[in-house]
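Student: Sequence:
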Amino acid sequence: MKGQNQLQIHNFIDFLKDFKHYSSKTISAYERDLKDFFVFLNDKSFEDVVKKDYFLYLNYLDKKYAQSSIDRKKSSLASFFQYLLQQGKIVVNPIKKIKGSKKAKHLPKIMYQDELNELIDEIPMGTNLEIRDRLIFELLYSTGIRISEAVNIKLNEIDFNLKVILVHGKGSKDRYVPFNENFQKILNLYLKDARPSILAQKKCDFLILNSKGDKLTDRGLEYIFDQVLLKINKPGIHPHILRHSLATHLLDNGADLRIVQELLGHSSINTTQIYTHVSIKKLQDVYKKDFPRK
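Heads up: the sequence shown at position 261 corresponds to 261 in UniProt numbering, and the numbers run straight through without jumps.
Any given hint could turn out to be false.
[Said to hold, decoys possible] With a straight-line Cα cutoff of 25 Å, these simulated BS3-like cross-link-like pairs (lysine-lysine) come out:
#1 Lys-173 x Lys-212
#2 Lys-154 x Lys-173
#3 Lys-192 x Lys-203
#4 Lys-20 x Lys-52
#5 Lys-63 x Lys-96
[Unchecked claim] Estimated spans, in silico, between C-beta atoms of each pair:
#6 Glu-181 x Lys-64: 51 to 59 Å
#7 Thr-271 x Lys-192: 34 to 42 Å
#8 Leu-230 x Lys-173: 33 to 41 Å
#9 Asp-43 x Asp-256: 54 to 62 Å
FYI, nobody ran anything at the bench for these hints, they're computed from the structure. Positions of the beta carbon are idealized from the N, C-alpha and C atoms, including for glycine.
Generate the whole structure from the sequences, applying the supplied hints.
Tutor: See the structure below:
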């Protein structure tokens with residue numbers, strides 16, 4: 001690589017370390033992306049790079065990489081050339097005002113209702129902590145709330161008469177979510193026996209406690225979730241799958257899209273609409289029922 005290209009990449013990396021506070025992993029990825037770009041251009045000087053070079057590189061990337069990787073490489077290049085422009089090293093940014101490609105949309109993974117019922121039923125409830133663990137799974141599936149929302153539920157935000165929970169969502173947006181009989185049963189058991197024992201002599205307003213009787217963190221909930229799955233030999237399921245599954249099951253059973261949007265706390269209906277394309281089972285059922293050639 002030419003000395004000037006190497007020097008400017010080095011200066012840019014120092015700039016990221018000093019002013020952007022990126023992780024070492026991100027900085028290494030940026031540096032690798034920039035070097036790959038100049039290798040592709042046969043070490044053409046950064047001063048001579050034009051828009052055509054960039055488009056040729058994008059075409060090359062499209063044949064080799066997933067869209068997520070391409071987007072990161074584009075971000076690296078955009079930041080680098082903007083830095084060169086601000087430093088007076090170039091007069092025109094060769095990749096300015098080039099719109100990014102739309103990110104590929106991946107359908108969320110789900111579990112069927114019988115699979116989820118079987119999973120939750122397998123969670124033991126022999127100890128107070130196991131009752132709490134079962135509560136977590138029932139809560140995430142019956143309400144579809146996020147992990148960050150679950151750990152922030154306070155006892156006084158649960159209305160036992162109306163069977164709803166006040167949830168504090170993203171962007172300080174509050175909403176009420178209903179819960180079903182299955183959750184209420186485990187909730188009553190947890191509040192009557194398990195929670196007081198876990199709490200011991202401490203005071204805590206939050207519903208879900210860690211083993212020391214303090215408020216559970218997001219990471220703590222994820223850890224508990226993973227440990228429970230290992231115990232029942234069903235690893236590899238992320239808590240968000242319960243949320244995705246609830247949304248899909250509700251829509252499969254005829255729920256209104258706007259209601260599901262409100263339940264999940266989506267600011268846009270477009271986010272909720274992705275669940276209308278998920279259920280393979282529903283697609284198969286309709287296909288078998290309505291296929292014209294019997």
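Student: Could you run down the list of hints and mark each one as holding or not?
Tutor: Results for each hint:
1. Lys-173 x Lys-212: 30 Å, violated
2. Lys-154 x Lys-173: 16 Å, holds
3. Lys-192 x Lys-203: Within the cut-off at roughly 16 Å; holds.
4. Lys-20 x Lys-52: 29 Å, violated
5. Lys-63 x Lys-96: The hint holds at about 23 Å.
6. Glu-181 x Lys-64: 51 to 59 Å: 53 Å, holds
7. Thr-271 x Lys-192: 34 to 42 Å: 38 Å, holds
8. Leu-230 x Lys-173: 33 to 41 Å: Between Leu-230 and Lys-173, where Cβ atoms are some 34 Å apart, the hint holds.
9. Asp-43 x Asp-256: 54 to 62 Å: At 59 Å between Cβs, range holds.
Violated hints, listed in ascending order, are 1 and 4; each of the other numbered hints is respected by the structure.
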